[in-house]
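Undergrad: Take the two lone chains and join them into the complex the hints point to.
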Amino acid sequence: MTWTQVIPAEWYLILGTALFGIGLIGVLIRRNVVIVLMSIELMLNAINLILVSSSAYHANLSAQVFVFFIMMVAAVEVSVGLAIFTVIYRRKESTDIDALNELKG
Amino acid sequence: MILGLFCFLSLLTIMSALSVILSRNPVYSVLSLILCFFSIAGHYILLSAPFLAVVHIIVYAGAIMVLFLFVIMLMMRTSDVGLTSWVKRIGSFFVVGVLGVTIVALMQRGTLVLPRYLASVEGSVSSLGRVLFGQYAIPFELSTILFLSAVVGVVMLGKKS
Chain S
49 MTWTQVIPAE
59 WYLILGTALF
69 GIGLIGVLIR
79 RNVVIVLMSI
89 ELMLNAINLI
99 LVSSSAYHAN
109 LSAQVFVFFI
119 MMVAAVEVSV
129 GLAIFTVIYR
139 RKESTDIDAL
149 NELKG
Chain D
95 MILGLFCFLS
105 LLTIMSALSV
115 ILSRNPVYSV
125 LSLILCFFSI
135 AGHYILLSAP
145 FLAVVHIIVY
155 AGAIMVLFLF
165 VIMLMMRTSD
175 VGLTSWVKRI
185 GSFFVVGVLG
195 VTIVALMQRG
205 TLVLPRYLAS
215 VEGSVSSLGR
225 VLFGQYAIPF
235 ELSTILFLSA
245 VVGVVMLGKK
255 S
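The listed protein sequences derive, respectively, from chains S and D.
So this note's numbering is basically just the index in the first sequence, starting at one, shifted up by 48.
So this note's numbering is basically just the index in the second sequence, starting at one, shifted up by 94.
Just chain D, same shape as in the assembly (with noise of 0.2 Å):
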């Protein structure tokens, strides 16, 4: 049952991931990255960490695709740019090949020792408050800050000169 869940959701991950670098139109890939970023939530929610998930849903399918798809609808033409040189496509693969025979090379070695059982941590809201405000809270105050120049920032950018 849980691995079915688990199976589904990481196969609807990947397609819908390869379905927003691979479909022409810009509003396709931003709908199925919000696909995306659904199944990633219910991982999440998989994970025991739901007040995560919330936030994952709320910040980015709620405030981030939606500014996206803004941006592309109010932006772009039609005509798609289509995809960059053939030598920098065949990099990317082979960046992306070394990439997974690292992690693989890792697991076989046994230098990554995982964990095999969950240990009982629960990321209720209350819990990860209480890290957050207690341990973190220098940090998350100094993020208000980096939130402040951002709007003053895009007020800048976004003013006709």
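Same shape as in the complex, but just chain S (with noise of 0.2 Å):
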């Protein structure tokens, strides 16, 4: 018997739900530029885990493909967001994500 008798696949499902809510509530709630942007990373890593998931359930590796993809993406919209994120901080002197609430700089 092996485990993914064992482990039904809507299990993940259901985790990565969760992560992905309590990713999307982060971002709602908080007002902390930098946090909203570590909830952004647990949304992202939800949808990562379910297609990591689902290619092992399919034994289809073009899931784990895509999961690389995500990660570069996530890498490179962490460092262009934090980088936007210290010239912000450097003119406003604020994290606070209410405080962007004009298009002139």
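No lab work stands behind these hints, which were simulated from the structure alone.
Just so you know, not all the hints are guaranteed correct.
[Unchecked claim] Here are the simulated SDA-like pairs of lysine to any residue, each with C-alpha atoms no more than 20 Å apart in a straight line:
#, chain 1, residue 1, chain 2, residue 2
1, D, K254, S, S142
2, D, K254, S, R138
3, D, K253, S, A131
4, S, K140, D, K253
5, D, K253, S, I88
6, D, K253, S, V84
7, D, K254, S, V135
8, D, K253, S, T134
9, D, K254, S, V84
10, D, K182, S, L148
11, D, K253, S, V124
12, D, K182, S, L61
13, S, K140, D, M250
14, D, K182, S, I145
15, S, K140, D, L251
16, D, K253, S, V135
17, D, K253, S, E125
18, D, K253, S, I132
19, S, K140, D, L168
20, D, K182, S, R79
21, S, K140, S, L151
22, D, K253, S, V128
23, D, K254, S, I132
24, D, K253, S, M91
25, D, K182, S, I132
26, D, K182, S, M91
27, D, K254, S, S127
28, D, K182, S, V75
29, D, K182, S, E125
30, D, K254, S, Y137
31, S, K140, D, G252
32, D, K182, S, N149
33, D, K253, S, R138
34, S, K140, D, M169
35, D, K253, S, F133
[Claimed, not checked] So, partial list: chain S residues that the calculated Cβ filter (under 8 Å) puts toward chain D:
#, residue
36, G74
37, I77
38, R78
Even glycine gets a Cβ: it sits at the ideal position worked out from N, Cα and C.
TA: Written out as structure tokens, the structure reads:
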């Protein structure tokens, strides 16, 4: 008896949905820019977890390649996002996301 | 045994994720996010994808979280900005509730047909590399352009004007 007969595929889906929901709540309720970025990372990881589980249950390696690409894009997104955050912090002296309510820098 | 491992890892993942969004100190958030990423890597190993688990730890815990920690320790004052308004908070729980109900309803109706058994797929380096450099070679090369543009953009943004 292998482990996949023990763990149904739905459990991974539920776990991924819960993680995604926690990340979404974090994006919506926190005002700190860095924590909002971290919550976005959490949401990306929830999707990664669902993709890896579907790759394992469907015996298809393409999903793992997609996870690889998502990791790349997440790394790029974080580096650019934190660079933008440092520029904003230098100008506004604040980490509040509600301080960014104007288009004019 | 495996079931207990899955439950333990899931509990660790959910608890540390909750701690990310609920702790007042951003440094604690970063540390619990690192714990969350390690437990997700444990899930990857459980799902027979060891290469992705290693890459996940190297990229996330090794690079991204160090970047976060540096930015927080360099920039952040200890005074933390609070939460958003009540309307947004209640709205966010509503949105997440709708998401959860949708997933549960999809499972209940049997629209979502999920397989029961794991076919023998191994996420080893050689098999994953064969797919990555065979079928997905062009997107992989294109992602290097993304990285290059990100490097140029970050240097441009970081320069003191």
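Undergrad: All hints are to be evaluated individually against the structure, with a verdict given for each.
TA: Going down the list of hints, with the structure as the test:
1. Of the supplied pair hints, the one linking K254 (chain D) and S142 (chain S) holds, its CA atoms being roughly 18 Å apart against a limit of 20 Å.
2. As the CA atoms of K254 (chain D) and R138 (chain S) are separated by approximately 10 Å, the hinted pair is consistent with the 20 Å bound.
3. Of the supplied pair hints, the one linking K253 (chain D) and A131 (chain S) holds, its CA atoms being roughly 10 Å apart against a limit of 20 Å.
4. As the CA atoms of K140 (chain S) and K253 (chain D) are separated by approximately 17 Å, the hinted pair is consistent with the 20 Å bound.
5. Only pairs whose Cα atoms come within 20 Å are accepted, and K253 (chain D) paired with I88 (chain S) is rejected, the gap being roughly 26 Å.
6. A threshold of 20 Å between alpha carbons decides the hint, and for K253 (chain D) with V84 (chain S) the separation of about 24 Å lies outside it, so the pair is violated.
7. Restraint check: the Cα-Cα separation between K254 (chain D) and V135 (chain S) comes to about 9 Å, which is no more than 20 Å; the hinted pair holds.
8. Taking the CA atoms of K253 (chain D) and T134 (chain S), the gap is about 11 Å. The hint holds against a cut of 20 Å.
9. For the suggested pair K254 (chain D) and V84 (chain S), the alpha carbons sit about 25 Å apart, so the restraint of at most 20 Å is broken.
10. Only pairs whose Cα atoms come within 20 Å are accepted, and K182 (chain D) paired with L148 (chain S) is accepted, the gap being roughly 17 Å.
11. Restraint check for K253 (chain D) and V124 (chain S): satisfied, since their Cα atoms lie roughly 18 Å apart, inside the 20 Å limit.
12. Between K182 (chain D) and L61 (chain S), the direct Cα distance comes to roughly 26 Å. Violation of the 20 Å bound is thereby established for this hinted pair.
13. At roughly 19 Å between alpha-carbon atoms, K140 (chain S) and M250 (chain D) fall within 20 Å of each other, so this suggested pair holds.
14. With a C-alpha separation of about 14 Å, the suggested pair K182 (chain D) and I145 (chain S) falls inside the 20 Å cut-off, and the hint holds.
15. A distance of roughly 15 Å separates the Cα atoms of K140 (chain S) and L251 (chain D); the hinted pair therefore holds under the 20 Å criterion.
16. With a C-alpha separation of about 9 Å, the suggested pairing of K253 (chain D) with V135 (chain S) holds against the 20 Å cut-off.
17. Between the alpha carbons of K253 (chain D) and E125 (chain S) the distance comes to roughly 18 Å, so the proposed pair stays at or under 20 Å and holds.
18. For the hint pairing K253 (chain D) with I132 (chain S), the CA-to-CA distance comes to about 11 Å; that is within 20 Å, so the pair holds.
19. As the CA atoms of K140 (chain S) and L168 (chain D) are separated by approximately 15 Å, the hinted pair is consistent with the 20 Å bound.
20. Simply put, K182 (chain D) and R79 (chain S) have alpha-carbon atoms about 11 Å apart, close enough for the 20 Å limit, and the pair holds.
21. This hinted pair checks out: K140 (chain S) and L151 (chain S) have alpha carbons roughly 13 Å apart, not beyond 20 Å.
22. This hinted pair checks out: K253 (chain D) and V128 (chain S) have alpha carbons roughly 13 Å apart, not beyond 20 Å.
23. Only pairs whose Cα atoms come within 20 Å are accepted, and K254 (chain D) paired with I132 (chain S) is accepted, the gap being roughly 13 Å.
24. Note on K253 (chain D) and M91 (chain S): the hinted pairing is violated, with a Cα-Cα distance of about 30 Å set against a maximum of 20 Å.
25. Of the pairs offered as hints, the one joining K182 (chain D) and I132 (chain S) is violated, with about 25 Å between alpha carbons and a cut-off of 20 Å exceeded.
26. In summary, the hint linking K182 (chain D) to M91 (chain S) is supported, as the alpha carbons are separated by about 18 Å, within the 20 Å threshold.
27. Between K254 (chain D) and S127 (chain S) the alpha-carbon distance is near 17 Å, which keeps this suggested pair within the 20 Å criterion.
28. Restraint check for K182 (chain D) and V75 (chain S): the C-alpha separation of about 10 Å stays at or below 20 Å, so the hint holds.
29. For a cut-off of 20 Å, the pair hint linking K182 (chain D) to E125 (chain S) is broken: about 25 Å separates their Cα positions.
30. For the hint linking K254 (chain D) to Y137 (chain S), the alpha-carbon distance of about 13 Å falls within 20 Å, and the restraint holds.
31. Proposed proximity of K140 (chain S) and G252 (chain D) is supported: the alpha carbons are some 16 Å apart, at most 20 Å.
32. Pair hint K182 (chain D) plus N149 (chain S) holds up; C-alpha atoms about 16 Å apart against a cutoff of 20 Å.
33. At most 20 Å may separate the alpha-carbon atoms for a hinted pair to count; K253 (chain D) and R138 (chain S) meet this at roughly 12 Å.
34. For the suggested pair K140 (chain S) and M169 (chain D), the alpha carbons sit about 12 Å apart, so the restraint of at most 20 Å is met.
35. Our distance criterion of 20 Å between C-alpha atoms is met by K253 (chain D) and F133 (chain S), whose separation comes to about 13 Å.
36. Contact between G74 (chain S) and chain D, as hinted, is supported at the beta carbon level, the nearest pair being about 3 Å apart and thus within 8 Å.
37. Here the hint on I77 (chain S) is kept, as its CB sits about 5 Å from the closest CB of chain D, short of 8 Å.
38. Here the hint on R78 (chain S) is kept, as its CB sits about 6 Å from the closest CB of chain D, short of 8 Å.
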